[in-house]
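With the sequences and hints as input, model every part of the structure.
As they're listed, the protein sequences go chains S and L.
The opening position of the first sequence corresponds to residue 1 in my numbering, with each subsequent residue numbered one higher.
The opening position of the second sequence corresponds to residue 586 in my numbering, with each subsequent residue numbered one higher.
Mixed in with the good hints, there may be bad ones.
Simulated pairs of lysine-lysine, DSBU-like, Cα-Cα distance not exceeding 35 Å [claimed, not checked]:
| # | chain 1 | residue 1 | chain 2 | residue 2 |
| --- | --- | --- | --- | --- |
| 1 | S | Lys42 | S | Lys223 |
| 2 | L | Lys808 | L | Lys627 |
| 3 | L | Lys627 | L | Lys604 |
| 4 | L | Lys750 | L | Lys674 |
| 5 | S | Lys165 | S | Lys42 |
| 6 | L | Lys674 | L | Lys1000 |
| 7 | L | Lys867 | S | Lys282 |
| 8 | L | Lys674 | S | Lys528 |
| 9 | S | Lys89 | S | Lys415 |
| 10 | S | Lys282 | S | Lys223 |
| 11 | S | Lys415 | L | Lys1113 |
| 12 | L | Lys924 | S | Lys528 |
| 13 | L | Lys674 | S | Lys282 |
| 14 | L | Lys867 | S | Lys89 |
| 15 | L | Lys750 | S | Lys528 |
| 16 | L | Lys604 | L | Lys674 |
| 17 | S | Lys415 | S | Lys564 |
| 18 | L | Lys1113 | S | Lys89 |
| 19 | S | Lys282 | S | Lys89 |
| 20 | S | Lys165 | S | Lys19 |
| 21 | L | Lys924 | L | Lys1000 |
| 22 | L | Lys604 | L | Lys867 |
| 23 | L | Lys1149 | L | Lys1113 |
| 24 | L | Lys750 | L | Lys1113 |
Distance ranges between label pairs, derived from CB positions [to be verified]:
| # | chain 1 | residue 1 | chain 2 | residue 2 | range |
| --- | --- | --- | --- | --- | --- |
| 25 | L | His954 | S | Leu482 | 52 to 62 Å |
| 26 | S | Glu502 | L | Ala1169 | 37 to 47 Å |
| 27 | S | Asn481 | L | Val964 | 20 to 30 Å |
| 28 | S | Leu546 | L | Ser1160 | 46 to 56 Å |
| 29 | L | Asp692 | S | Gly215 | 54 to 64 Å |
| 30 | L | Gln842 | S | Glu259 | 47 to 57 Å |
Covered stretches of chain L (chain S as the covering partner; in silico rule of three or more C-beta atoms under 8 Å from a C-beta of chain S) [stated by the list, open to error]:
| # | stretch |
| --- | --- |
| 31 | 644-654 |
| 32 | 1006-1017 |
| 33 | 1039-1049 |
| 34 | 1065-1073 |
| 35 | 1108-1119 |
Calculated directly from the structure, the hints in this document are not laboratory data.
From the three backbone atoms N, C-alpha and C, an ideal C-beta is built for every residue, glycine too.
Number of protein chains: 2
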Amino acid sequence: MGTIYQQRIAALRELMLSKSWDAVIITGSDPHCSEFPAERWKQVQWLTGFTGEAGDVVVTADHAGLWTDSRYFIQALTQLAGTGVELHKTRVPEQVLIPEWLAERFDDDSIIAVDGLCVSAEYTSSLPGSIVSVPNLLDSLWDGRPGIPQTPVFTADPGESRSDKIGFLRSWLNGQGGDSILLSSLDDIAWTLNVRASDIEYNPLVISYLLISEGSVEWFVLKDPVEDPETEQTFAALREEGILLRQYADVELALSQNEGTMVLDSNSINHHLWNICGGDVKLVPSPVQLRKSIKNRTEIDGMREAHLQDGLAMEKFLYWLENTVSDGVEISEWDAAVKLGQFRAAIPGYRGDSFETISAYGPGAALPHYITPRENAPVIEPHGLYLCDSGGQYDYGTTDITRTVPMGECTGLEKEDYTLVLKGHIALAMAVFPAGTPGCRLDALAREPLWRAHRNFGHGTGHGIGWFLGVHEGPQDIRQNLNPTPLVPGMITSDEPGIYREGLFGIRHENLVLCTEDGSDEFGRWLKFETLTLCHFDTSAIIPELLTAEEIEWLNAYNERVYKTLSPYLPEEISFWLRSKTEAI
Amino acid sequence: MGTIYQQRIAALRELMLSKSWDAVIITGSDPHCSEFPAERWKQVQWLTGFTGEAGDVVVTADHAGLWTDSRYFIQALTQLAGTGVELHKTRVPEQVLIPEWLAERFDDDSIIAVDGLCVSAEYTSSLPGSIVSVPNLLDSLWDGRPGIPQTPVFTADPGESRSDKIGFLRSWLNGQGGDSILLSSLDDIAWTLNVRASDIEYNPLVISYLLISEGSVEWFVLKDPVEDPETEQTFAALREEGILLRQYADVELALSQNEGTMVLDSNSINHHLWNICGGDVKLVPSPVQLRKSIKNRTEIDGMREAHLQDGLAMEKFLYWLENTVSDGVEISEWDAAVKLGQFRAAIPGYRGDSFETISAYGPGAALPHYITPRENAPVIEPHGLYLCDSGGQYDYGTTDITRTVPMGECTGLEKEDYTLVLKGHIALAMAVFPAGTPGCRLDALAREPLWRAHRNFGHGTGHGIGWFLGVHEGPQDIRQNLNPTPLVPGMITSDEPGIYREGLFGIRHENLVLCTEDGSDEFGRWLKFETLTLCHFDTSAIIPELLTAEEIEWLNAYNERVYKTLSPYLPEEISFWLRSKTEAI
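See the structure below:
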C-alpha cells in the first residue's frame, strides 16, 4: 500500500518507464521563478509532503531525493519519514547539488525530464544528458490539481506613473539594443504596471507576463472571464492607456512569433519560454530589480506610515501578551498569532500579512522558519523567551519585524544570547559606510559580537523588502554570500541577527532599516541606516555590562523614539506601560 | 629637443611608424608577472620616468598615457610633468582601463604591439585589433638595457623537502589530468625548490622557469657561466636529486616541443610562452599559491623568531629615535631609515630588507607609498607624528611592520586619528570568525571605527606575506575587493589600517597576524588571529575615552607581552625605557 506520497512517486515512476525517462526533476518553483509559489505549483509538497519554502526533488528508477538547505533539515526529516524520499543537504560544505548528483549517475545518453515551465533557462544548461521539457508534467497524475489563480486586480499608488516606468524600461531597452523585453518576474510586473492582486498568499501579485516594445505594451494576464468590478475597473484604466490585455497562455504564441531581438530576464525566465522564443534572444537580468529596490519619496513616506501603524499593533499585542500571560491565562503560540493578526487587520489599508507569522515559544523558536501549528500549539509560559516574526501588507507599504520578549524569568544563557544578538543588531544599525559598499561587507559587523563568544546564526543578516510587494526582494542583501550589489540610498533592508539553540530557545531582533545619505567629505560620500521599525526592545533580558556606552546610548535613544512616536496614538494604559518598558538603562 | 623621456617616446613612435603599429603597450611587469620587476624590466620607468610600483603605458601616434592607481596619482603627476605623458586614473569609479580605452579608438583592423613576454596570456585576449607580440620590443631603442640578473643561489630550510613539494605538484597534476606543469611565478619556483637568490631587490628570488612532469624536473635557470661557490653547491645538490638544470632561454624550445597536456599558471604565464606552447594547454591557477600561504610548523617557528629579532631591532631604533630627537639632534627621515637598517643588519640570518623602508615625518607620511629621499630628506621634528613602515628578510622568515610614533606634542586631530586607527587594528586583531570566512568579510571590522567618524583609508587592510619570500603574497587578503579565498590556519596576513591627511600627516598601525584554530562547538569550527609582530604601540597619543574596555584590555596585554618577551634581550637602559612605554593605560 504505502503512504499517499509513496503511491504518487510510484505513479510518477510508471510514467517515467512509459516515456523512457531516466530521471525527473520536480522543483519548488513556478513558471515565474517565484520564491513562494501558488497552490498549483506546490509540486514538491504534493509529491513528497515536504512543505518547506525551498526544496527540489529528483526521482529515478531506484532513488527519490529532496534537496533543501539547513533551514529545513529538521522539518524535512520529520515530513519525509515513511515516504522513502531521502534528504540531500544543501548549503553545507559537503553538498552535492542536483546537477552534480545526476552527472555522477547519468551520462550523455540519459534522458532527464523537467517541467520546463518550472525550471529556469540557466538551470537546464547545468544538467547532464538529454533534457526533455514537459510543461505541466505532473498534470496527468495530479487529480484535482488547482488551476492558475485569479484574484481581483487593483491599482497601487507608489507616486510614480506606469507610463514613467514603461518609459524607463524603453530607454533601458534602447541601451541594450533590444526590440522588446519580456518581464516574467511577478514583482517586476506589479511594480511596472502599479497593479496588485492576491494570486499568491502573502504576496500581492498578479500571475502574468508583460511584453514591452517601443510601440506596444502587452500584458498576458487574462484567464477565466473577469467578473469582479475592481478588476474590471483596473483593466479599463490600463486599456485606456493603450496597454493591450491578452490571455495568459498567449505568451507562448507571442514569443514563438518574435522576430526582432527580445530581452528575457535571466533571473526569472523559465526554460520552456526561453526555448520557444523566436528571433534573437538576449538573456539579461531585469533592470526592474535594482530600480524598484530604490524607493521613491512616496514609497518611503508610505513605509514610515506603515511602520507607525504596524508598531502600534505590535505594542498593543505585546501589552496584551505580557498582561494575559502574567495573569495566568493559557495562551498558545497560535492564539498569540491570531491576536496579533487581529490588531493588524484593524489598521486602515491592511491587505493581509506579508508572510505567515512565526509565533514561537521556547524550543519552537530554535527553528528559524518554525511554523506555528494550528492545533495543539505549545502554550506560552510565564518565563523564558517568546519570539514573534511577522509583518503586514498595507496599501502604502510592507512591514517585517521580529521581537523576542522575556515572558518572565530568563536563564543566564538566554540573557547572554539576547544581549549579544542585540549588540549585533545595534552594530549594523549604527554602521556608517562609504557609498559603493555592498551589504556582504557589513554582515560581519552584526556577527562579530556573537563570533567572539563562539556563537553564530545560519541565515543572512538582512534581506531587501518591497514596497507593498514581496517581503523578500533583491538585488541587495546583507549576508555571508559575496553579493557585489552596493547598498544605495532609498534601499530598505532588514537587520535581523539571531541565535538558535536546539531544544531550548531562539532569539532574533529584527528591524527594517532605510539606507540614507550621511554627507560627503575629503574621504568620500557616506551612507548610513535609518531604522524604520517602531517597537521597543525589551530591556529586562539585557545584561548591561555586555553593552558598550555607545550601544546603550543607541538603545535608549531608539526606545525613547518609539515611545515618543507611538504614545500619542495609544490608549492611556498601554502608553503608560510603554513608558515603563522604554525607561533608559 | 625635449626631455629624455620625450626623446624616447619619439623614438618608439618612429619604430611604430616603420612597423605600421597603431599602438604599443608597455607594462610595468616582467616575464613572470612579478609585482616588483628587476631593472631590466623597469620599462615604464625607462620610457616615462615614472617609478611607481604599478603602471602601464600606451603610446599611439598622437597620445602617450600612463595608467596607474590612486596610490600613485600625486607621484605620477610630478614625475610625468614635461614628458607629454598623460595620467589615466585607475581604481576610481570613472576609470577607463587600457582595453576599453583602446577599443574606443581602434577597430579590428588596427595593429597593437605588445612585448609578449611582459603581458599575461589573459590580458591580450581583452584587447581590440590584431595583437603583434614582440619579445623584448624595447631592446633596439634602449642602449645599455640591463641583462637578466644572476645573483648567487642558495638553499633555504623551511622544514619540507623539495622532493615532498614536487610530489605534491605531481599528485595535483594527476588530478588535473595534465602531463606536465610549468611554474612561471618566481615565488612558486623558490618555494618548490627551496632555493633563494637576490635577482630582484627585496625579493629573494631566482629568475627562472620550472617544468615538472611525472618523470622529470627541469629548471630553466642557467644564464652566464656560474662562478660563485654558493651557486655551484646549490646546483650540485639539485642535480644530485635528479633535477635537470637548463638554460633560461631554453624554456621556449621546451614549450614549443611539448606534445602532451601542459598546465600553465593562468596568473603568471606570459602571452609569448602561452602562444608558442605546443600540444594541449590548460590554463589553471598554480596550486602553489594556496599551498605556500599555509605555513608549516618550521615556517611558523621561524616567523616567530624573525619577529622576536625584528622587534628587538625596532625597539632599539625607537629608543634611539626618541632620545636623539628630544636631545635636539637633527635627524632626517633618511638618517632614521639608515639607522633602522643598521639595527636589522646586525641580526643573525639577515638577508636584506623586505621592501624599501618608508621613513616619513608629517606630510610625507600622508602618502601611503612615500619614498624617502636620499638627499635633503625632511628633518624629524620633536612634535607630531613619525611613520615608519619597514621589514626584513631573514633565513628563517620575513617581517613587515609599521609604527607611527608621536615625537612630542600632537594635535587633537592627530590623537583622534591615531586612536581610531588603533581601534580598527585591534578590532581585526581580536576577531573570531567561522572557518571558511574570506578576509573581505572581515575588512569592515578594521574600518568601522573610522567610518563612523567619516574617515577611511584607500588601501587594503591586510595582505598575505611569504616565508622568506615576497612581502606580498596571495591568495588571501583582507580588503574591500570580494576575494572569496577563505582564511586558513597557518596563513599569515598583515593588519594595517591607516589614515592619510594630505599636507598634514599619515598614520598606519601594522602587525602581522597568524590565523589559528580557536576550537569547535555546536556552531561550527572557529578561527582567530595571533599577533606575531612584537613592538609596543605608543600610548601617549591615545585618547583613552575613545577606546572600549575590551580594546584597552587588548592593548595593555599586547604591550605587556612585548615587554616581557623582548626585555630579557635588550640592554638595561632600553629595557627600562620599554617598561615605561608599555605601562598599562
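Satisfaction of hint between L:Lys1000 and L:Lys924, Cα-Cα up to 35 Å: Distance ~27 Å between L:Lys924 and L:Lys1000 Cα, so the pair holds.
Proposed proximity, S:Lys223 with S:Lys42 (alpha carbon, max 35 Å): 20 Å, holds
CB-CB spacing for S:Gly215 and L:Asp692 relative to the 54 to 64 Å hint: 33 Å, violated
35 Å Cα cutoff - pair L:Lys1149, L:Lys1113: 23 Å, holds
35 Å Cα cutoff - pair L:Lys808, L:Lys627: 20 Å, holds
Restraint check for S:Lys282 with S:Lys223, where alpha carbons must lie at most 35 Å apart: With Cα atoms ~28 Å apart, S:Lys282 and S:Lys223 stay inside 35 Å; holds.
Restraint check for L:Lys604 with L:Lys674, where alpha carbons must lie at most 35 Å apart: Holds: L:Lys604 and L:Lys674 sit about 29 Å apart, inside 35 Å.
Agreement of S:Lys89 and S:Lys415 with the hint, judged by alpha carbon distance not exceeding 35 Å: With a Cα-Cα distance of about 32 Å, the restraint between S:Lys89 and S:Lys415 holds, given a limit of 35 Å.
Pairwise hint evaluation, L:Lys604 against L:Lys627, where the allowed Cα distance is 35 Å at most: 24 Å, holds
Restraint check for L:Lys674 with S:Lys282, where alpha carbons must lie at most 35 Å apart: The given pair, whose Cα atoms are some 33 Å apart, holds under the 35 Å limit.
Distance restraint between S:Lys165 and S:Lys42, which requires alpha-carbon spacing of 35 Å or less: With a Cα-Cα distance of about 32 Å, the restraint between S:Lys165 and S:Lys42 holds, given a limit of 35 Å.
Restraint check for L:Lys750 with L:Lys1113, where alpha carbons must lie at most 35 Å apart: 28 Å, holds
The structure shown violates the earlier hints numbered 4, 12, 15, 20, 25, 27, 28, 29 and 31.
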